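> Chains A and B are the protein sequences, given in the same order. Numbered according to the working numbering, the first sequence spans residues 1 to 265. Numbered according to the working numbering, the second sequence spans residues 1 to 323.
Hints in this document: simulated from the structure, not taken from any laboratory. Because the structure is a prediction, the values reported are computed rather than measured. Be careful, since some hints might not be right.
Mimicking DSS-like on lysine-lysine, the simulated pairs with C-alpha atoms at most 27 Å apart in a straight line are [to be verified]:
| # | chain 1 | residue 1 | chain 2 | residue 2 |
| --- | --- | --- | --- | --- |
| 1 | A | Lys100 | B | Lys81 |
| 2 | A | Lys16 | B | Lys98 |
| 3 | A | Lys260 | B | Lys282 |
| 4 | B | Lys63 | B | Lys98 |
| 5 | A | Lys16 | B | Lys16 |
| 6 | B | Lys10 | A | Lys204 |
| 7 | A | Lys100 | B | Lys258 |
| 8 | B | Lys16 | A | Lys260 |
| 9 | A | Lys16 | B | Lys137 |
| 10 | A | Lys260 | B | Lys98 |
| 11 | B | Lys137 | A | Lys100 |
| 12 | B | Lys76 | A | Lys100 |
| 13 | A | Lys173 | B | Lys98 |
| 14 | A | Lys100 | B | Lys252 |
| 15 | A | Lys173 | B | Lys7 |
| 16 | A | Lys260 | B | Lys76 |
| 17 | B | Lys81 | A | Lys260 |
| 18 | A | Lys100 | B | Lys282 |
| 19 | B | Lys282 | A | Lys173 |
| 20 | B | Lys293 | A | Lys100 |
Have a look at the derived ranges for each label pair, beta carbon to beta carbon [stated by the list, open to error]:
| # | chain 1 | residue 1 | chain 2 | residue 2 | range |
| --- | --- | --- | --- | --- | --- |
| 21 | A | Leu207 | B | Thr73 | 34 to 44 Å |
| 22 | A | Ser176 | B | Asp170 | 25 to 35 Å |
| 23 | B | Lys258 | A | Phe185 | 33 to 43 Å |
| 24 | A | Ser176 | B | Gly188 | 15 to 25 Å |
| 25 | A | Ala46 | B | Val20 | 56 to 66 Å |
| 26 | B | Glu77 | A | Thr262 | 51 to 61 Å |
| 27 | A | Val42 | B | Leu125 | 36 to 46 Å |
| 28 | A | Ile23 | B | Thr73 | 22 to 32 Å |
| 29 | A | Val144 | B | Glu77 | 33 to 43 Å |
| 30 | B | Thr60 | A | Thr262 | 39 to 49 Å |
| 31 | A | Ser146 | B | Phe13 | 56 to 66 Å |
Idealized CB from N, CA, C, for every residue including glycine.
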Amino acid sequence: MNPNRSFIVQLQILTKRMLLRVIRRPLAELPNLIISAFFLFVYDGALGGVFGGNASGTPFDFAKGNFINFILPVSIVSASLSGAASGIYLVEDIESGVFKRYQSMPISRWAIILAPMNVGALRVLLQSGLMLFIGIIIGADPVVGSIGYLVVLSIAFIWGMGFAGYSVAAGVKSGSSQGAQAATFLFFPAIFLAPTFVPREALKGWLETAAAYNPTTYVIEAMRAVMVDGWELDVLFRGYLAAGLFAALTLTLAVLSARKATEKA
Amino acid sequence: MLAVDVKNIKKTFISKQDTVEAVKDVSFQVKQGEIFGLLGPNGAGKSTTILMITTLLSITDGKASVLGIDVATKDKEVREKIGVALQDTGLDNLLTGKELFFTTCRLWGYSKKDSEVRTDELLELVGLTEAADRRVKTYSGGMKRRLDLGLSLVHSPKILFLDEPTTGLDPGSRRVLWDEIKRLRDNGVTIILTTQYLEEADELADRIAIIDEGLVVAEGTSDELKAGIGGDVITFAFENNVDLENAKNILKNTVQEKNELRITVEDGASKIPGYLKDLSSKGVEVSSVSASKPTLDDVFLEVTGYRLEGSEDIKQAKEESKR
Numbered sequence: 001m002n003p004n005r006s007f008i009v010q011l012q013i014l015t016k017r018m019l020l021r022v023i024r025r026p027l028a029e030l031p032n033l034i035i036s037a038f039f040l041f042v043y044d045g046a047l048g049g050v051f052g053g054n055a056s057g058t059p060f061d062f063a064k065g066n067f068i069n070f071i072l073p074v075s076i077v078s079a080s081l082s083g084a085a086s087g088i089y090l091v092e093d094i095e096s097g098v099f100k101r102y103q104s105m106p107i108s109r110w111a112i113i114l115a116p117m118n119v120g121a122l123r124v125l126l127q128s129g130l131m132l133f134i135g136i137i138i139g140a141d142p143v144v145g146s147i148g149y150l151v152v153l154s155i156a157f158i159w160g161m162g163f164a165g166y167s168v169a170a171g172v173k174s175g176s177s178q179g180a181q182a183a184t185f186l187f188f189p190a191i192f193l194a195p196t197f198v199p200r201e202a203l204k205g206w207l208e209t210a211a212a213y214n215p216t217t218y219v220i221e222a223m224r225a226v227m228v229d230g231w232e233l234d235v236l237f238r239g240y241l242a243a244g245l246f247a248a249l250t251l252t253l254a255v256l257s258a259r260k261a262t263e264k265a
Numbered sequence: 001m002l003a004v005d006v007k008n009i010k011k012t013f014i015s016k017q018d019t020v021e022a023v024k025d026v027s028f029q030v031k032q033g034e035i036f037g038l039l040g041p042n043g044a045g046k047s048t049t050i051l052m053i054t055t056l057l058s059i060t061d062g063k064a065s066v067l068g069i070d071v072a073t074k075d076k077e078v079r080e081k082i083g084v085a086l087q088d089t090g091l092d093n094l095l096t097g098k099e100l101f102f103t104t105c106r107l108w109g110y111s112k113k114d115s116e117v118r119t120d121e122l123l124e125l126v127g128l129t130e131a132a133d134r135r136v137k138t139y140s141g142g143m144k145r146r147l148d149l150g151l152s153l154v155h156s157p158k159i160l161f162l163d164e165p166t167t168g169l170d171p172g173s174r175r176v177l178w179d180e181i182k183r184l185r186d187n188g189v190t191i192i193l194t195t196q197y198l199e200e201a202d203e204l205a206d207r208i209a210i211i212d213e214g215l216v217v218a219e220g221t222s223d224e225l226k227a228g229i230g231g232d233v234i235t236f237a238f239e240n241n242v243d244l245e246n247a248k249n250i251l252k253n254t255v256q257e258k259n260e261l262r263i264t265v266e267d268g269a270s271k272i273p274g275y276l277k278d279l280s281s282k283g284v285e286v287s288s289v290s291a292s293k294p295t296l297d298d299v300f301l302e303v304t305g306y307r308l309e310g311s312e313d314i315k316q317a318k319e320e321s322k323r
């Protein structure tokens, strides 16, 4: 027996254990999935008729004839927020004392903290992937071809990890799973203070200003670029940059708060 | 080499609101292969002391070592040598007992194959083989404590820390756990346990340190502590307060406990007739009298000024004893 296992092996074991927990609570996965699918179907049903094929040749033809392509990024962004479960997983372990048990063993504290983030990342990929799959079934067809799906998924992953970091920082700071859960409140301004239903040019007044400062705007616009408009590299760059900066900021906050939480009192 | 050596450790928690000295000055030594009990009420500083020695809490002042390894500077090395089952260490209720053992074995460095073997060994050791595939949330309190104990034994530690291992358990489950703890000691494991049960300390611990308000107020074997009081305890019971108050003025050096007065003297049985004569000559009626060897409860009363067992509100008892 060698207690000085490598960090990677410890992380694998703890991630597997965390996955088991997720599998044992399948219903916990449903709310975010349902909300994301709800956005896709309801918005397509309500607005697809106006801004879809019928808008061809009018000033409202921003979806270029396929409203699913236009609205799918909103559902993907919504699905990517499932990364916020990382904070809840971690705080549940703190509340139950499991975190303390692992701390009493000679294993890396970073493995203890990264395991729920790994599972959060997997959740983001699965939920975003599932939304993409539903989108494809009901008619999504990226203008840049199938590689567009990979672009959308990669941006969603970075964005989702940003929410994972945010929820870990909020959860550890509040010290309760309710605190981590409450952090998902950010979902509403993130989604709705953005060009969710129409392009940014069509927004006006305070909403136009708010959307300009909301990083979600650039994430959605980058996804829409490959789905609707083609390879607009400046838009893609801004999308990756917004998601990347958000993730870097929140993951730094997560590391700082987690470091404090694992320090001896 | 000592299993545990604790020298004048202190723990002060400082917050914006106030400063709390949870452990004021605790020193003790534990020899290898013995069960050492830290006895005291809730809030005495027992758990904080254990958390410091097990490297989960920093030490404000003083020194502690485990098998000669300093806990403050070499925490990882210490963790490899010890097993802990603390009030603060929880169980994952969504996993089965078997999964918990297997995961813990893997984290301690066992290969997958060895983890399976060790898991089966430990499940049998703590009597959970039949419940192995049930989720922990379906376990009774006693089963959870046995699982907790088993998890602390995965890496066959030489030193085991148990924080109130039987609190909340029914007498039957408590007895099962006691037998297991004694068996571990007989197999050479050093055990440091905290308890607020006098019977548990008396039954299990080879040596006991009584902790009160963050200080070790007495230390020794159960017999040494009892002998330290000296003599026998005579207990007088009274039916009314008038007799009780009058008796207090007649008998010297008594300790009151509800409607009883206790007095510790050498050769108690022979002195009872004299005391009764004194009391009846002054018209004091005694409802019952008995002489017995001191119990740990008497020791606790002697060194702290209040009783541990039956004290529902210890703080109130302390305040009363100080008055």
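> The structure should be examined with respect to each hint, and the outcome stated for every one.
Okay, the hints, checked on the actual structure:
no. : hint                                : in the structure
1   : Lys100(A) <-> Lys81(B)              : holds (17 Å)
2   : Lys16(A) <-> Lys98(B)               : holds (15 Å)
3   : Lys260(A) <-> Lys282(B)             : violated (69 Å)
4   : Lys63(B) <-> Lys98(B)               : violated (38 Å)
5   : Lys16(A) <-> Lys16(B)               : violated (40 Å)
6   : Lys10(B) <-> Lys204(A)              : violated (63 Å)
7   : Lys100(A) <-> Lys258(B)             : violated (42 Å)
8   : Lys16(B) <-> Lys260(A)              : holds (17 Å)
9   : Lys16(A) <-> Lys137(B)              : holds (19 Å)
10  : Lys260(A) <-> Lys98(B)              : violated (33 Å)
11  : Lys137(B) <-> Lys100(A)             : holds (19 Å)
12  : Lys76(B) <-> Lys100(A)              : holds (14 Å)
13  : Lys173(A) <-> Lys98(B)              : violated (33 Å)
14  : Lys100(A) <-> Lys252(B)             : violated (51 Å)
15  : Lys173(A) <-> Lys7(B)               : violated (35 Å)
16  : Lys260(A) <-> Lys76(B)              : holds (18 Å)
17  : Lys81(B) <-> Lys260(A)              : holds (26 Å)
18  : Lys100(A) <-> Lys282(B)             : violated (62 Å)
19  : Lys282(B) <-> Lys173(A)             : violated (68 Å)
20  : Lys293(B) <-> Lys100(A)             : violated (43 Å)
21  : Leu207(A) <-> Thr73(B): 34 to 44 Å  : violated (58 Å)
22  : Ser176(A) <-> Asp170(B): 25 to 35 Å : holds (32 Å)
23  : Lys258(B) <-> Phe185(A): 33 to 43 Å : violated (56 Å)
24  : Ser176(A) <-> Gly188(B): 15 to 25 Å : violated (42 Å)
25  : Ala46(A) <-> Val20(B): 56 to 66 Å   : holds (59 Å)
26  : Glu77(B) <-> Thr262(A): 51 to 61 Å  : violated (18 Å)
27  : Val42(A) <-> Leu125(B): 36 to 46 Å  : violated (57 Å)
28  : Ile23(A) <-> Thr73(B): 22 to 32 Å   : violated (41 Å)
29  : Val144(A) <-> Glu77(B): 33 to 43 Å  : violated (56 Å)
30  : Thr60(B) <-> Thr262(A): 39 to 49 Å  : violated (19 Å)
31  : Ser146(A) <-> Phe13(B): 56 to 66 Å  : holds (59 Å)
Checked against the numbered hints above, the structure violates hints 3, 4, 5, 6, 7, 10, 13, 14, 15, 18, 19, 20, 21, 23, 24, 26, 27, 28, 29, 30; every other hint is satisfied.
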